[in-house]
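**Student:** Listed here are the chains, written in short residue letters.
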Amino acid sequence: MAEISLRVNGSAHELDIQPQVSLLDALREHLGLTGTKKGCDQGACGACTVLADGERINSCLAPAVQYEGREITTIEGIGHPLQEAFVHADGLQCGYCTPGQICSAIGMLAEHKDGMPSAVTEHLAVTGGELDDAEIRERMSGNLCRCGAYNGIVSAIREVAG
Amino acid sequence: MRSFSYLSAPDVETALRVIADGEGVKFLGGGTNLVDLMREGIERPATVVDITRLPLTGIEELPGGGVRVGALVRNSRLAADLLIRTRYPVLAQAVLHGASAQLRNMATVGGNLLQRTRCLYFYDGAAACNKRAPGSGCDAIGGFSRGGAILGASEHCVAAHPSDMAVALAMLDAVVEVESVRGVRRIPIADFHRLPGDTPHIETALAADELITAVELPPVPVAANSRYRKVRDRASYAFALVSVAAALNVEDGVVTEARLALGGVGTKPWRATEAERALLGAPATEDAFRRAAEAELAAAVAGPQNAFKIELARRTIVATLRRLLTEGSAA
Ligand SMILES: Cc1cc2nc3c(=O)[nH]c(=O)nc-3n(C[C@H](O)[C@H](O)[C@H](O)COP(=O)(O)OP(=O)(O)OC[C@H]3O[C@@H](n4cnc5c(N)ncnc54)[C@H](O)[C@@H]3O)c2cc1C
Ligand code: SF4
Ligand code: FES
Ligand code: FES
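Protein chains in written order, with UniProt numbering: chain A, 1 to 162; chain L, 1 to 331.
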């Protein structure tokens, strides 16, 4: 067992856990924060996306012990215009992928503001390109939606990025 | 997942000592491959040494025009770096075409180089696989082998190397710097990954107690005119069926310099030296590009399920060179 202190949504939590426990399981099973979802548990769906120091990561592949000292933000700690926008734009059906989509989109907007290029960026030497639909789709490709609410998701993000 | 003990290394010296003294010690980078393989029971370390707090996170310009990238630089940081984007656009593009944004925020340069194959039978503990269980056979041969390699395979293993980043590094003649308690070594990328031969479980030239500390990019002026193109089953977030890293210089309609490397088709990141030879001094025409592709692919061997990769590789090579010629670099 390892004793760690995990900072989640602004408060510190003391945990006594095995090193094989993922950040996802630590959040859901140990801290009762079940907003973050488990889809594939292998990095292939994005349902488990949370922010670590503001950067989006897949919590299912993150050993919780490795994230001691980082500031973790889950959907429970988020109040963002994207949430309203998802509702207005029909950016969800069952809602299972939504917490991951929201966390991912927040991280994505920060990356774009920071000048991060994407695989569809036309000129890599130019920073600050427009966040058009093709860019949004590529940058959000790490979040699958089984219900296929992609059009709504893209328009919700476009609206907030606006 | 089998239990293990966890240690976060405060400095390189500690990391090297722990791996030199211990049995079954593994380094933990971003964890995006290791954690998955541990969960599947394919990797079973007794001790995991977290190296993400080591001060190997710099991207520095070297005198002479090269760039040194620390082994713990996250994939996203590498792709975002303006020096990389302008001097080696092919590398930034290759990294951006791999995995997802979340995974690139976690994945490290060292871990990316050491990521293991996505061959389905390698992941399936009930299947025969010489890479996972040496001597057990290879269920991919004659099995589901759509993703398999067409270059560099052996009768013991046909698994394709999965990395996009490493394909660009192969094109750039990068050098992998490694360190152990015995000292520092510099391994040219061409010698870093091994062909499977009859020991597919031995994948790289890295010794069990060595830490990757950096990747050095030499000055490659032609890389200013370079691109990466990846073809996959869906538009994003999928491994390559075929990918091409290419750089091209043309003067008066004649190719004066060309570099080419392939992903998704080789058992290691594949430097296409035959194609490069054919391109040098040739006219910069579609015909010459096709002949160069054919020169490389003459050695290709495919099964019934991945024969399409030969034609796909030919077309992707030609298309990438054509785009470099007409539109220039990705920067
Ligand atoms: C769903 C999914 C999709 C993906 N798609 C792609 C794709 O399209 N293209 C692509 O290229 N990749 C893809 N990947 C793979 C991803 O790029 C790798 O998992 C990642 O680069 C590994 O880096 P890491 O730091 O997380 O490595 P880890 O998982 O931490 O480590 C991997 C291995 O390297 C060793 N190691 C790590 N760092 C060092 C070091 N400095 N010295 C010595 N040993 C070290 C570890 O012990 C381990 O054996 C995908 C992964 C997932 C899960
Ligand atoms: S191709 Fe290689 S990795 Fe795949 S089953 Fe055969 S030996 Fe294993
Ligand atoms: S649950 Fe983490 S990516 Fe699917
Ligand atoms: S809303 Fe159901 S999976 Fe996305």
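Please note: incorrect hints may appear among the correct ones.
Over 10 Å on every C-beta distance to chain A, these chain L residues come out as not near it, computed from the model [claimed, not checked]:
#, residue
1, S8
2, D36
3, R39
4, D50
5, D287
6, E294
7, A307
8, A331
Covered stretches of chain A, going by a simulated chain L footprint (3 or more residues, C-beta under 8 Å) [unchecked claim]:
#, segment
9, 7-18
10, 149-162
Keep in mind that the hints were calculated from the coordinates and are not lab data.
For every residue, glycine included, the Cβ atom is placed at its ideal position computed from N, Cα and C.
**Student:** Now tell me if each hint is right for this structure.
**Tutor:** Status of each hint after checking the structure:
no.	hint	result
1	S8	8 Å, violated
2	D36	5 Å, violated
3	R39	7 Å, violated
4	D50	5 Å, violated
5	D287	28 Å, holds
6	E294	28 Å, holds
7	A307	27 Å, holds
8	A331	4 Å, violated
9	7-18	violated (count 1)
10	149-162	violated (count 0)
The structure does not agree with the numbered hints 1, 2, 3, 4, 8, 9 and 10 stated previously, though it agrees with the rest.
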